[in-house]
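Following the hints, complete the assembly by docking chain B onto the known chain A.
One line per chain: the protein sequences are A and B, in this order.
Its first residue numbered 477, the first sequence is counted upward by one per residue in this note's numbering.
Its first residue numbered 477, the second sequence is counted upward by one per residue in this note's numbering.
Quick caveat, the hints were computed from the structure, so don't treat them as lab data.
Each statement offered as a hint is correct.
Put simply, identical chains are the same to the list, so a pair is met inside one copy or across any two.
Derived lysine-lysine pairs resembling DSS-like cross-links, with alpha carbons at most 27 Å apart:
(1) K926 to K578
(2) K926 to K609
(3) K578 to K609
(4) K720 to K526
(5) K792 to K926
(6) K926 to K573
Since this is a predicted model, take the numbers as computed values, not measurements.
In case you want the letters, here they are:
Number of protein chains: 2
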Amino acid sequence: MTPHPILIDGAWRPVEAPTGSFQPMNPTTRTPLLDHYPISSWADAEAALKASQVAVEQLRSTPVEQIAAFLEAYAAGIEARAEALVEIAHAETALPKEPRLKSTELPRTTGQLRQAAHAVRERSWCHATIDSKLNIRSMYRAMGGAVVVMGPNNFPYAFNGVSGGDFAAAIAAGNPVIAKAHPGHPGTTRLLAEAALEAIQATGVPQALVQMLYHMEPEVGAQLVTHPLTAATGFTGSRAGGLKLKEAADRAGKPFYAEMSSVNPVYVLPGALVERGEALATEFANSCTLGAGQFCTNPGLVLLIDGAGAEAFISKSVAEFSGRTAGTLLTERGPANIAQALAALQAAGAEVLTGGQEATGGGYAFQNTLLRVSGADFLAQPHALQTEAFGAVSLLVVAQDADELLAVTRHLEGNLTGSIYSATQGADDALYARLEPILRTKVGRLLNDKMPTGVAVSPGMNHGGPFPATGHPGFTAVGIPASLLRFAALHSYDNVRPARLPVELQDANPTGTMWRWIDGGWSQGGVIGG
Amino acid sequence: MTPHPILIDGAWRPVEAPTGSFQPMNPTTRTPLLDHYPISSWADAEAALKASQVAVEQLRSTPVEQIAAFLEAYAAGIEARAEALVEIAHAETALPKEPRLKSTELPRTTGQLRQAAHAVRERSWCHATIDSKLNIRSMYRAMGGAVVVMGPNNFPYAFNGVSGGDFAAAIAAGNPVIAKAHPGHPGTTRLLAEAALEAIQATGVPQALVQMLYHMEPEVGAQLVTHPLTAATGFTGSRAGGLKLKEAADRAGKPFYAEMSSVNPVYVLPGALVERGEALATEFANSCTLGAGQFCTNPGLVLLIDGAGAEAFISKSVAEFSGRTAGTLLTERGPANIAQALAALQAAGAEVLTGGQEATGGGYAFQNTLLRVSGADFLAQPHALQTEAFGAVSLLVVAQDADELLAVTRHLEGNLTGSIYSATQGADDALYARLEPILRTKVGRLLNDKMPTGVAVSPGMNHGGPFPATGHPGFTAVGIPASLLRFAALHSYDNVRPARLPVELQDANPTGTMWRWIDGGWSQGGVIGG
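Only chain A is shown next, with the shape it has when bound in the complex (with noise of 0.2 Å):
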């Protein structure tokens, strides 16, 4: 069977010398899909690479409404497509149709295209400042390459190349994207891009606006986030495939936006075990078995001060895993991906409490697990205690007391969340003071009294980290404007002559409404005088 045409410069051509073709897997019934992708050649990357050139220089003349009304249509496309990409996805990832496909991670995914549209509309996200006394101006704008975006396995929509939050983010911010699909959801993936195309004729923005390759070797991907026409790069994936394509954009001087991994510490206070424990226990296993737990935000480290109230929480844990069918993985590597991550934590001195097996009989999959150790254990091998396990596992770590709970907290390494739960009535309150404070600073997002997963697309969120969650703590994969400012570089202009200067930076406000820093602070005015 030939392989699926990729999408290349505003129509879908054939591969040029592929290094191989794939089949995904239906991991449900753990036989092949019928259809056939294309690994591709470095040819490939190369010809994206040009027609993304020219997509460049069109995109500086491109109005902003344009760019807006492109998100816009794409969004409208993919809800037009609805019925056939939750079919499709759910056969790829076998994540459930409802509500997880059709009611939740779809409507999140053109709610984002529609939230960027509105941020280009608005145009505050770039941040025009001006200096009207010395005229100097600034603003963040699109970075003068190709964004090439790598999206994960366990958000088909919502963190595609070609559809998700980074996706969203570079097209926003005014650059031309190279999508590089998931191998686990080729079929998703191509349908998008479908919908991106009609989007692209519709609306008449450059054809290589979105261009899209469905898989290729590491060697090619380095060569491809190095290369002079590439402006910066958005990954989603693992700690081990990310740093590699990091170190190698990194030696390249190109920004490279890692989410890698993270365990996500949660805290339940004694007081708080006091006095909700065993349901806090429920809202635990609700949100690690959540979608198998394949999440970046899943519950993967459960940190205790023991004493009866840990050891009640840590027995109805154990009973809510023990009690709940394994979920179907994503991929066939699922299992065995587990199993190793499982087989470091034991090495390192962590004890299994229940699950712990491959889960045979379905699909792929694998036994909810808890597993359990001590913070003397955890304090002698931190690092090993860290690893994440990418399905419905966690490690439930019980200090000693508080002090070695701080000193566990101390070791961890950074994350895209840490969660408090703490005691209504202020019994934890002076064991919170002094937590938080070290935890603060290893993580992107701190939470009260609420489990990690669910990532709400909002201004105030950061869905990122200090490293190895991400590759800086300073920027958001989620959440509009703050995403957009990854995918663009800072622009001054000193003394250039008015006619010359951005609207964005010319002294009359060119929307009436848009946010600029004139002179020591915000304004929706015009420069006074100007």
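Structure of chain B alone, referenced to chain A:
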């Protein structure tokens, strides 16, 4: 003679197990100055890191008013030592006392510190963002570790690790600083650090807020910028040194803000040559020979289109360059470094029009030097012909026509600045419109009718640019408040109880004037209904 002590944890301490010592040279007399300064081993760096960690914890409860007071007290302390600072900096660097050191760089330095103090009090720099409906809030905050600042040789005050722009930004964002002096001006740095310590004691800020080492071997530097207790590094210096440290920091996931090298292309378009070519040649010579050419924004590349105007500009430039006395260079290595860069340029086809030799008889000096190459030859070896010569050296590229000029522009690497001079009455406007889009994304700051030297401390400034000028095109080293964002992490608070939020994110506006992004717009008010 015993080497000077270093500043660790609020006190001047002898170094522990130094790996050597050094004496700075007087560049004017080519003789060593009397003082001896130590080369620190890892023991000193480790002691500084440990003390900085205490400061990190103390800073969480240090009122911003106190940080602002420290910055202002430090500025006043520098002014109180102005005479001594000018004497020693002149002896160590040969920079002229007037106007450069006393009336330009010293006031700029104290001005930066005071602007930083203002930003700290004003608080808007942190981009407090409130989504009141979802109760998710975020802001930029101190990173949770030490910021290492390594300053360059060419600005003993304004970019000094212990007093310059990176220093002010890191402190203002709430971080402790570990400064590495440049070995070219250790005595200047010592006096500054004494003023910093006095200000620490006078204002009661954490005693390890500012620490200072004089020098260290490269491997100790690499260990310092990658250490878990280090949050980020600000580096200004050579490309070779910067890239080595950057690679180490990147691998450790530590932000490394490097300002490394730039040739700062200056275009003089044909209409401007006709209109005011001779005057522009003088303006160019003034800019290029200022400070013996030792500026990161020195105009090292001038781009012209062949013709009578270009030849007249070149003749006048040669006369200007050859008629001026060579300035004294900062360091003993200056002449050899320039000679090495010239050799690379000549090997790649550039022809010396004037200068080209070390200037002997006085201090360290090199003749003011102009080179010339055709556009075609430039295109044959674009990389080699962008070699930076850190001195009063510039390469004139003469393109045969507009198309070749644009082709040359496409081959430029990332630069801090790009300047375009054009006719006042529109004769160059068509060419400008073709050139600007290509040049724009290759430079951090685009200038019209202005030389790149002179970097105003303006909120609209970008003293940054694409690699290899810096490591990331989205950050500026000069300009407050934007420069603070380099040394801050994005902290999101999800469902955090109101009293536990930083005051900047609570419903009420903490100052009544701070700007916050609340529910879709910038506001100086509180949360409505809050």
